[in-house]
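Sequence lines, in order, name chains A, B and C. The numbering of the first sequence is our numbering, which starts it at 57 and goes up by one. The numbering of the second sequence is our numbering, which starts it at 57 and goes up by one. The numbering of the third sequence is our numbering, which starts it at 57 and goes up by one.
Hints should not be assumed to be uniformly reliable.
[What the hints assert, rightly or not] Below, in silico cross-link-like pairs of lysine-lysine (DSS-like), each with a Cα-Cα straight-line distance of 25 Å or less:
| hint | chain 1 | residue 1 | chain 2 | residue 2 |
| --- | --- | --- | --- | --- |
| 1 | A | K64 | A | K99 |
| 2 | C | K99 | C | K75 |
| 3 | A | K145 | C | K105 |
| 4 | B | K75 | C | K75 |
| 5 | C | K99 | C | K62 |
| 6 | C | K145 | A | K145 |
| 7 | C | K105 | C | K75 |
| 8 | B | K145 | C | K145 |
| 9 | A | K145 | A | K105 |
| 10 | B | K75 | A | K145 |
| 11 | A | K75 | B | K75 |
[Stated by the list, open to error] Coverage of chain B stretches by chain C, computed from C-beta distances (three or more under 8 Å per stretch; other residues unrestricted):
| hint | region |
| --- | --- |
| 12 | 79-86 |
| 13 | 132-139 |
Source of the hints: derived by calculation from the structure; they are not laboratory data. Where is the CB? At the ideal position from N, CA and C, for every residue including glycine.
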Amino acid sequence: MTPEEKLKTLGIDLPDIPKPLGTYVPLVRTGSLVYLSGMLPLKDGQLLKTGRVGESVSPEDGALCARAATINALAVLRFALGSLDRVVKCVKISGFVSSATDFTQQPMVINGAVDLLFDIFGEAGRHARSAVGVNILPLNSPVEVEFIFEISEDVSL
Amino acid sequence: MTPEEKLKTLGIDLPDIPKPLGTYVPLVRTGSLVYLSGMLPLKDGQLLKTGRVGESVSPEDGALCARAATINALAVLRFALGSLDRVVKCVKISGFVSSATDFTQQPMVINGAVDLLFDIFGEAGRHARSAVGVNILPLNSPVEVEFIFEISEDVSL
Amino acid sequence: MTPEEKLKTLGIDLPDIPKPLGTYVPLVRTGSLVYLSGMLPLKDGQLLKTGRVGESVSPEDGALCARAATINALAVLRFALGSLDRVVKCVKISGFVSSATDFTQQPMVINGAVDLLFDIFGEAGRHARSAVGVNILPLNSPVEVEFIFEISEDVSL
Chain A
57 MTPEEKLKTL GIDLPDIPKP LGTYVPLVRT GSLVYLSGML PLKDGQLLKT GRVGESVSPE
117 DGALCARAAT INALAVLRFA LGSLDRVVKC VKISGFVSSA TDFTQQPMVI NGAVDLLFDI
177 FGEAGRHARS AVGVNILPLN SPVEVEFIFE ISEDVSL
Chain B
57 MTPEEKLKTL GIDLPDIPKP LGTYVPLVRT GSLVYLSGML PLKDGQLLKT GRVGESVSPE
117 DGALCARAAT INALAVLRFA LGSLDRVVKC VKISGFVSSA TDFTQQPMVI NGAVDLLFDI
177 FGEAGRHARS AVGVNILPLN SPVEVEFIFE ISEDVSL
Chain C
57 MTPEEKLKTL GIDLPDIPKP LGTYVPLVRT GSLVYLSGML PLKDGQLLKT GRVGESVSPE
117 DGALCARAAT INALAVLRFA LGSLDRVVKC VKISGFVSSA TDFTQQPMVI NGAVDLLFDI
177 FGEAGRHARS AVGVNILPLN SPVEVEFIFE ISEDVSL
């Protein structure tokens with residue numbers, strides 16, 4: 057199955073792309089790489105949850121937020137590329153988790169992003185990643201995730 | 057106008073490049089990309105401000121610090137490339153904001169960097185970016201910003 | 057001396073590669089770059105230290121942890137490339153330091169990674185870097201370090 061078919065099978069409808077909070081852009085291409093801006097778990101313009109994981113947000117809800125941020129990333133990718141099938145591989149994600157000072161399961165939270173990428177892209181979705189705790193994120197979001205993808209050389213952006 | 061002309065118009069004098077705080081270098085080239093080390097808002101060897109945004113540093117001063125870190129990045133770039141006119145585009149910035157635990161306007165702070173890049177490089181200055189809060193930064197700096205630029209293939213570094 | 061010879065001279069035995077904490081991979085290649093996942097100071101499956109630098113972990117021990125994370129990165133690199141001698145250069149490291157709220161010497165901690173790279177790769181080990189403080193890291197690790205290396209084009213991964 058192609059990534060686009062996988063997406064349909066999983067019942068995921070990609071939303072409109074989130075509006076940047078400044079004069080930057082959601083995606084930049086350089087050579088065969090695309091860099092995405094940090095994605096938040098926004099849905100219909102609202103954060104899925106607010107607060108720190110380990111305080112007002114459970115690790116499970118944190119993982120759902122990381123998944124939602126990834127769905128926004130896929131929406132940006134499809135908008136730019138026309139189709140997710142033009143993704144060659146996911147290269148790197150950096151996951152920031154707004155964390156209680158004693159919360160140490162950031163990897164479990166960011167696996168919400170990691171697992172969705174694997175579900176959609178299969179082996180090509182296996183990426184390098186980091187998961188880091190921070191004390192606070194924009195709009196009091198529980199997570200923010202950055203992405204680097206490799207795309208087909210024949211895509212013109 | 058070229059980036060160098062824009063810089064003149066804006067009345068910005070690029071300073072001497074900041075000294076690395078270790079055996080690393082301010083800029084590394086790989087292919088058509090240059091990666092810059094995390095830049096601080098140092099001016100004449102002194103931080104413009106110290107402390108957390110939302111505590112002792114206002115969001116407006118935080119944005120000025122992000123702008124000052126960007127001016128240092130441009131100084132490093134011009135030193136390495138000879139001229140900012142050899143920049144093809146700004147690819148990515150990662151902005152870390154030392155933040156009070158309830159400060160959630162990191163995007164506004166990092167827009168101090170984002171807006172200057174747009175002022176100088178125009179459309180080529182529109183990049184992917186992230187803005188993240190952290191509890192503390194080197195030397196108690198309010199911001200630290202990383203940059204990736206794409207440069208002309210014919211530049212030899 | 058080659059990097060592999062340097063390693064021997066320094067008496068460093070590269071360990072088995074650390075197991076990813078999810079369905080991601082320790083290293084991804086794209087073109088001539090390899091991106092490594094965030095590395096922790098694990099040795100034989102145990103963190104060298106736990107806690108924040110400036111609280112229960114001294115800056116010196118923090119630097120040893122950054123060095124240990126780098127040794128794990130080198131283990132991953134050698135496993136993937138067959139030999140460290142196929143590294144062209146170290147491009148970028150991002151160092152996250154779990155920090156007491158008043159600890160501002162993150163550069164000194166991350167120099168534990170920086171200095172080892174220079175010892176092993178010489179001039180090719182001089183990279184761009186950032187050092188950032190955070191309130192908490194996975195498994196309560198004092199440091200997490202990400203790496204980007206450039207490798208020989210003739211390596212097939």
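Outcome of the hint check:
1. A:K64 / A:K99: With Cα atoms ~19 Å apart, K64 of chain A and K99 of chain A stay inside 25 Å; holds.
2. C:K99 / C:K75: holds, 12 Å
3. A:K145 / C:K105: Judged against 25 Å, a Cα distance of about 35 Å means the pair is violated.
4. B:K75 / C:K75: Between K75 of chain B and K75 of chain C the Cα gap is close to 37 Å, so the pair fails against 25 Å, i.e. violated.
5. C:K99 / C:K62: Given pair K99 of chain C, K62 of chain C holds - Cα atoms ~21 Å apart, limit 25 Å.
6. C:K145 / A:K145: Satisfied, since the Cα-Cα distance of roughly 23 Å is no more than 25 Å.
7. C:K105 / C:K75: Roughly 18 Å between the alpha carbons, so the hint for K105 of chain C and K75 of chain C holds.
8. B:K145 / C:K145: Between K145 of chain B and K145 of chain C the Cα gap is close to 23 Å, so the pair holds against 25 Å.
9. A:K145 / A:K105: violated, 29 Å
10. B:K75 / A:K145: violated, 37 Å
11. A:K75 / B:K75: Not satisfied, since the Cα-Cα distance of roughly 37 Å exceeds 25 Å.
12. 79-86: Coverage by chain C holds for the region 79-86 of chain B (7 residues, Cβ < 8 Å).
13. 132-139: Violated, because only 0 residues of the region 132-139 of chain B bring their Cβ atoms closer than 8 Å to Cβ atoms of chain C.
Hint compliance for this structure: hints 3, 4, 9, 10, 11, 13 are not met, and every other hint is.
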